[in-house]
Amino acid sequence: MDRILFGDNQFFSVNHISDEKSRAQSIKFKDDRAILNTIDIAINEGLGTFMCTTHDRIARICDLIRQKPSAYQDFRIYPCMPYAHKYANSVTELGVIGTIQQYIPGGFFSSLFKGGTAILSKDYTSIMELMIDAEMKMFKGIDTPVIFLQNVVTDLLLGLNMKEVFLAYYDYIIRKYNAEPGFITMNLPKLLDTLESVGIKNPIICSSINKIGFRMSGGQELYEHTLKTRKLRAIAMQVLAGGAIPAKEAVEYVCMLPNVESILFGASSKQNISETSAFIREADKLYSQKETLLTS
Amino acid sequence: MIKCALIGAGKMGISHLSILGAHPDAKVVGVADNTRVVTDVLQKYTTFPCYTDYRKMLEVAKPDAVFVAAPTKYHSQFVNELVSRGIHVFVEKPFCLNLQEGKELVKLVKHKGLINQVGYHNKFIGTFREAKSIIKSKYLGTLQHFVGESYGPVVIRKKQNNWRSSPEEGGGCLLDYASHVIDLINDVISPITRINGCIMKSLYSTSVEDSVYSLLEAEGPVSGVLSVNWSDETFRKMSTSITIIGSNGKIISDASELKVYFKSDNCPPGYSKGWNIRYVTDLTEAVDFYLRGEEYSAQVDYFIRAVKGEVPNIINTFESALLTDSIVGQIKRYSNQYHG
Numbered sequence: 001m002d003r004i005l006f007g008d009n010q011f012f013s014v015n016h017i018s019d020e021k022s023r024a025q026s027i028k029f030k031d032d033r034a035i036l037n038t039i040d041i042a043i044n045e046g047l048g049t050f051m052c053t054t055h056d057r058i059a060r061i062c063d064l065i066r067q068k069p070s071a072y073q074d075f076r077i078y079p080c081m082p083y084a085h086k087y088a089n090s091v092t093e094l095g096v097i098g099t100i101q102q103y104i105p106g107g108f109f110s111s112l113f114k115g116g117t118a119i120l121s122k123d124y125t126s127i128m129e130l131m132i133d134a135e136m137k138m139f140k141g142i143d144t145p146v147i148f149l150q151n152v153v154t155d156l157l158l159g160l161n162m163k164e165v166f167l168a169y170y171d172y173i174i175r176k177y178n179a180e181p182g183f184i185t186m187n188l189p190k191l192l193d194t195l196e197s198v199g200i201k202n203p204i205i206c207s208s209i210n211k212i213g214f215r216m217s218g219g220q221e222l223y224e225h226t227l228k229t230r231k232l233r234a235i236a237m238q239v240l241a242g243g244a245i246p247a248k249e250a251v252e253y254v255c256m257l258p259n260v261e262s263i264l265f266g267a268s269s270k271q272n273i274s275e276t277s278a279f280i281r282e283a284d285k286l287y288s289q290k291e292t293l294l295t296s
Numbered sequence: 001m002i003k004c005a006l007i008g009a010g011k012m013g014i015s016h017l018s019i020l021g022a023h024p025d026a027k028v029v030g031v032a033d034n035t036r037v038v039t040d041v042l043q044k045y046t047t048f049p050c051y052t053d054y055r056k057m058l059e060v061a062k063p064d065a066v067f068v069a070a071p072t073k074y075h076s077q078f079v080n081e082l083v084s085r086g087i088h089v090f091v092e093k094p095f096c097l098n099l100q101e102g103k104e105l106v107k108l109v110k111h112k113g114l115i116n117q118v119g120y121h122n123k124f125i126g127t128f129r130e131a132k133s134i135i136k137s138k139y140l141g142t143l144q145h146f147v148g149e150s151y152g153p154v155v156i157r158k159k160q161n162n163w164r165s166s167p168e169e170g171g172g173c174l175l176d177y178a179s180h181v182i183d184l185i186n187d188v189i190s191p192i193t194r195i196n197g198c199i200m201k202s203l204y205s206t207s208v209e210d211s212v213y214s215l216l217e218a219e220g221p222v223s224g225v226l227s228v229n230w231s232d233e234t235f236r237k238m239s240t241s242i243t244i245i246g247s248n249g250k251i252i253s254d255a256s257e258l259k260v261y262f263k264s265d266n267c268p269p270g271y272s273k274g275w276n277i278r279y280v281t282d283l284t285e286a287v288d289f290y291l292r293g294e295e296y297s298a299q300v301d302y303f304i305r306a307v308k309g310e311v312p313n314i315i316n317t318f319e320s321a322l323l324t325d326s327i328v329g330q331i332k333r334y335s336n337q338y339h340g
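Protein chains in written order, with the UniProt record's numbering: chain A, 1 to 296; chain B, 1 to 340.
Check before you lean on any hint, since a few could be wrong.
Straight-line distance between alpha carbons at most 27 Å, and here's what the computed DSS-like set of lysine-lysine pairs gives [stated by the list, open to error]:
#	chain 1	residue 1	chain 2	residue 2
1	A	K163	B	K3
2	A	K30	B	K237
3	B	K11	A	K86
4	A	K21	B	K259
5	B	K158	A	K30
6	B	K263	B	K273
7	B	K259	A	K28
8	A	K137	B	K237
9	A	K176	B	K44
10	B	K107	B	K3
11	B	K237	A	K21
12	B	K112	B	K62
13	A	K86	B	K201
14	B	K27	A	K163
Hints listed in this document are in silico derivations from the structure and should not be mistaken for laboratory results.
Modelling step: build the complete structure from the supplied sequences, incorporating the hints.
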């Protein structure tokens with residue numbers, strides 16, 4: 001994985017601390033072109049990996065990318081699925097069964113239904129696989145080396161302790177997409193325990209990691225301890241805690257932590273993109289120099 | 001360990017179940033739902049015992065506390081049965097469709113001395129709590145006017161067929177969305193005492209309202225406006241906010257940001273004359289398990305701790321939710337009377 005991953009929250013009016021800012025972003029990124037232009041800026045700044053939800057608009061961005069294969073030759077997307085609001089709104093409107101019917105392609109569900117619940121109860125894994133395929137369709141022809149399970153779903157399954165589903169997801173992503181499965185969570189230590197308990201070793205886990213302990217459930221200390229003593233490939237997100245920590249200070253904290261392989265951040269302006277990436281590179285340099293001094 | 005059970009494994013029910021599953025002081029002893037697919041999945045992949053008959057669950061699992069997240073029309077029947085059996089109850093909002101039944105439940109739960117809580121999660125959001133604390137300490141001076149708003153994209157086209165589209169079952173924007181704002185006004189500002197006008201409009205739904213606009217009066221007296229619309233797709237998810245104007249300043253708060261203006265230096269510690277902005281990142285306490293917002297975990301944790309006797313049972317009681325039900329009923333009657 002690249003050291004710096006470019007995120008997509010800013011494109012879809014996801015702002016954890018201000019509704020006003022999220023509306024401004026929604027106006028700024030009204031056109032798909034505006035999103036792609038910002039992705040291009042990130043690529044020019046050396047950020048070749050875009051981590052994004054399977055939002056409907058990403059499908060259109062992918063269309064634009066496919067039109068210019070030479071420009072995006074070394075470009076990678078890390079999809080994060082599912083785009084939960086799509087399903088949550090659908091469950092509110094259509095109910096659980098209606099939602100499955102809506103999103104499972106073809107007559108798969110109705111044919112299962114005819115067979116009665118006996119067949120159905122054996123085939124939840126197939127339903128999950130079909131849903132993954134439906135979400136992945138938009139990325140056809142684009143390099144997707146890591147595929148993530150979105151935090152609402154990861155954490156829902158985690159609370160319900162549905163371990164086998166994690167394993168089924170993990171196996172399917174490797175088998176079908178020849179990609180590495182990743183998990184986004186707001187509960188890193190607990191998730192790592194659960195994944196290890198079903199035999200998933202050294203998992204890729206993307207989680208809130210920041211200097212003020214924001215959304216580090218279970219406590220900052222436990223996170224730091226987990227990163228120091230356990231085997232995992234962590235991706236730090238919400239590094240700025242929604243803007244509560246100045247970028248330089250925020251980045252220095254995460255760069256100092258062991259086992260944080262990548263840092264994910266999103267930004268709308270060229271200045272913020274280049275500034276934050278520069279802070280990360282500087283901090284990395286500083287810590288690697290320190291390490292060299294200590295070991296020599 | 002508190003033995004907990006769930007009746008109704010829909011969207012809110014599953015969310016409570018996941019939070020309970022991760023709670024160190026709760027043990028899930030049963031889940032009851034009559035949707036076969038849901039109980040089948042839970043039966044297959046979790047260790048929770050599942051039931052299609054909630055009465056059977058109560059007899060077999062003998063829970064100390066039950067979470068009720070079934071459609072609203074069943075609330076009073078289920079809660080009544082649970083309380084009569086001496087079980088602590090957390091019930092989803094709104095509390096009851098029938099005010100008289102609600103009153104009897106408040107009486108019964110008090111008589112039985114059981115812990116009771118309703119799922120108005122906004123009260124566990126840091127920004128709203130801080131707004132309340134500023135108002136109750138009188139830093140805003142005499143309250144003059146408020147605006148309570150909530151918008152979201154629940155019904156954005158003509159196609160709906162579930163309990164949310166049925167007025168008899170507790171569907172509609174007033175019960176589902178506006179109740180949150182009314183409950184918040186009752187708590188953060190003061191209890192609403194009068195409905196001075198109301199318009200309820202259907203935008204896409206055929207049998208329920210999609211928006212509610214009302215002129216209110218709360219204790220003080222303070223005048224106010226309620227503006228709620230669940231058919232507004234410019235919002236990605238439900239967004240609730242309150243604006244309060246007082247003789248000494250003004251508060252604008254939503255779930256993530258609190259903006260406070262003070263006219264003078266007479267303000268709480270940490271604030272100063274002019275605009276002050278505080279974010280939920282500073283105002284919300286961390287939770288041990290996060291699913292979809294700290295408030296959802298915090299309200300479940302508060303209930304469990306109340307059952308254990310560690311905190312007083314004073315937030316979101318049946319009694320406070322009954323007041324909200326009563327205002328909802330008054331708005332409905334007002335609207336029917338003047339607009340049929």
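The hints, checked one at a time:
no. : hint            : result
1   : A:K163 x B:K3   : 22 Å, holds
2   : A:K30 x B:K237  : 18 Å, holds
3   : B:K11 x A:K86   : 13 Å, holds
4   : A:K21 x B:K259  : 14 Å, holds
5   : B:K158 x A:K30  : 25 Å, holds
6   : B:K263 x B:K273 : 6 Å, holds
7   : B:K259 x A:K28  : 24 Å, holds
8   : A:K137 x B:K237 : 25 Å, holds
9   : A:K176 x B:K44  : 24 Å, holds
10  : B:K107 x B:K3   : 25 Å, holds
11  : B:K237 x A:K21  : 15 Å, holds
12  : B:K112 x B:K62  : 17 Å, holds
13  : A:K86 x B:K201  : 25 Å, holds
14  : B:K27 x A:K163  : 18 Å, holds
When each numbered hint is compared with the structure, no violation occurs for any of them.
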